[in-house]
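Engineer: Sequence:
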Amino acid sequence: MFKSFLIKYAEIGVKGKNRYLFEDALVQQIKYALRRCEGEFSIRKTKGRIYIDAETDFDYEETIDNLKTVFGISGICPMIYVEDEGFEKLCATVIQYMKDVYPQQNKTFKVMARRARKNYPLDTMEINRELGGVILDAFPDMKVDVHNPEIELNVEIREKIYIYSETIPGPGGMPVGTGGKAMLLLSGGIDSPVAGYMISKRGVKIDAVYFHAPPYTSERAKQKVIDLAKLVSRYSGPIYLHIINFTDIQLAIYEKCPHEELTIIMRRYMMKIAETIAKETECLGLITGESIGQVASQTMHSLAATNEVCTMPVYRPCIGMDKQEIVKVSEEINTYETSILPYEDCCTIFVAKHPVTKPNLSIIKRHEKNLENVIDGLMETALNTRETIVVRCEK
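Residue 19 is where the sequence shown starts when you use the working numbering, and the numbers rise one by one after that.
Note that these hints are calculated values from the structure, not bench results.
By construction, the Cβ of each residue, glycine as well, lies at the ideal position given by its N, Cα and C atoms.
Honestly, I wouldn't trust all of these hints.
To be verified - EDC-like mimics (lysine to aspartate or glutamate), calculated; alpha carbons at most 16 Å apart, straight line:
{"#": "1", "residue 1": "K161", "residue 2": "E177"}
{"#": "2", "residue 1": "K128", "residue 2": "E103"}
{"#": "3", "residue 1": "K63", "residue 2": "E148"}
Said to hold, decoys possible - Label-pair distances were calculated between CB atoms; the ranges are:
{"#": "4", "residue 1": "E278", "residue 2": "E326", "range": "35 to 43 Å"}
{"#": "5", "residue 1": "E350", "residue 2": "G57", "range": "23 to 31 Å"}
{"#": "6", "residue 1": "G57", "residue 2": "R410", "range": "14 to 22 Å"}
{"#": "7", "residue 1": "D266", "residue 2": "T64", "range": "19 to 27 Å"}
{"#": "8", "residue 1": "E390", "residue 2": "I82", "range": "52 to 60 Å"}
{"#": "9", "residue 1": "T403", "residue 2": "E73", "range": "42 to 50 Å"}
{"#": "10", "residue 1": "E170", "residue 2": "D42", "range": "35 to 43 Å"}
{"#": "11", "residue 1": "A28", "residue 2": "G151", "range": "30 to 38 Å"}
{"#": "12", "residue 1": "Q241", "residue 2": "I82", "range": "27 to 35 Å"}
{"#": "13", "residue 1": "E390", "residue 2": "N325", "range": "19 to 27 Å"}
{"#": "14", "residue 1": "T185", "residue 2": "R53", "range": "19 to 27 Å"}
{"#": "15", "residue 1": "K297", "residue 2": "A28", "range": "46 to 54 Å"}
{"#": "16", "residue 1": "K86", "residue 2": "P232", "range": "31 to 39 Å"}
{"#": "17", "residue 1": "E326", "residue 2": "R132", "range": "52 to 60 Å"}
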């Protein structure tokens, strides 16, 4: 029945004179999502509203599913619209709408009119009253409930008259691209894809870097990370994924540094490499999936030691979440089942039996001096030999 959708947004509405920039970004993200759908669509933007019209046959459920991935959308309203050809025509359209959408007619309802076009002959209260009476006459089993109705029939009087009664929740947030760009340290675990999703929800465009350690990590581990990037890109848009061969750096750290400090020192060099790429690609910060106290490398002391090597901000969207909260989000965005596939990443291969939980930064730096003769060359090689692929969501 439905071939058109009203798109609602929330936060964008308070952006004042800059609102049009956010609306335009939202339209672009909607277009990106609809490219994954069968059919052709047109998008119209009016004051405070965005409309989508299907120009050809399309899959309704597929379209809704893809619109639910667009940050900035607070609600998706399947709707019909009619030309303003008089109140009697509107009444007839409303009756037919109720017949088509609600074949079970023993429901409570409320009419909610909105008269954006002030030259319409009836005011809002009159429209509510008259249409309510018409519905009661046509459907005797229906009843009015102005406080908690089962059906909220919305009638918006604009350049045309728009009718809808369902608002499908969108993901909220801000359109991707309105909040700058940042570099995600993406592993094969549960947390980092969630962090990428959450920072994208605030309008941030993300690129990503993955540290690969062949032969200690397999090609399946690498493919797992690519698959996770594809799942995140469903929400974030295309991701430039930089794959770093980290094996020689890890081996050097393993050979020359105390084993209880392996994770912290490796993490510091990962951050240095990620920041170098981030600066090259005009990112404004780094993103990690760290959560305070989850593992030894994520205590406050460890995070402080890791942060010390960075000159740009490090954003940690999961910082105050426990594991179950992170898992819940990963299930909602469909990354969980991929994240738990049993392919090791480079962090888990070189984990010490008793890692330090309260690293002393001065001691860490002193032990890093053991790497002075080799580390600069190893980092340069890792950066020069990196593989960069563009990851896009598949249908």
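Engineer: Next step is simple, just say for each hint if it's right about the structure.
Structural biologist: Against the structure, the hints come out as follows:
{"no.": "1", "hint": "K161 x E177", "result": "30 Å, violated"}
{"no.": "2", "hint": "K128 x E103", "result": "23 Å, violated"}
{"no.": "3", "hint": "K63 x E148", "result": "30 Å, violated"}
{"no.": "4", "hint": "E278 x E326: 35 to 43 Å", "result": "18 Å, violated"}
{"no.": "5", "hint": "E350 x G57: 23 to 31 Å", "result": "26 Å, holds"}
{"no.": "6", "hint": "G57 x R410: 14 to 22 Å", "result": "20 Å, holds"}
{"no.": "7", "hint": "D266 x T64: 19 to 27 Å", "result": "58 Å, violated"}
{"no.": "8", "hint": "E390 x I82: 52 to 60 Å", "result": "57 Å, holds"}
{"no.": "9", "hint": "T403 x E73: 42 to 50 Å", "result": "47 Å, holds"}
{"no.": "10", "hint": "E170 x D42: 35 to 43 Å", "result": "30 Å, violated"}
{"no.": "11", "hint": "A28 x G151: 30 to 38 Å", "result": "33 Å, holds"}
{"no.": "12", "hint": "Q241 x I82: 27 to 35 Å", "result": "30 Å, holds"}
{"no.": "13", "hint": "E390 x N325: 19 to 27 Å", "result": "22 Å, holds"}
{"no.": "14", "hint": "T185 x R53: 19 to 27 Å", "result": "24 Å, holds"}
{"no.": "15", "hint": "K297 x A28: 46 to 54 Å", "result": "34 Å, violated"}
{"no.": "16", "hint": "K86 x P232: 31 to 39 Å", "result": "37 Å, holds"}
{"no.": "17", "hint": "E326 x R132: 52 to 60 Å", "result": "55 Å, holds"}
When the structure is compared with the earlier hints, violations turn up for hints 1, 2, 3, 4, 7, 10, 15 and for no others.
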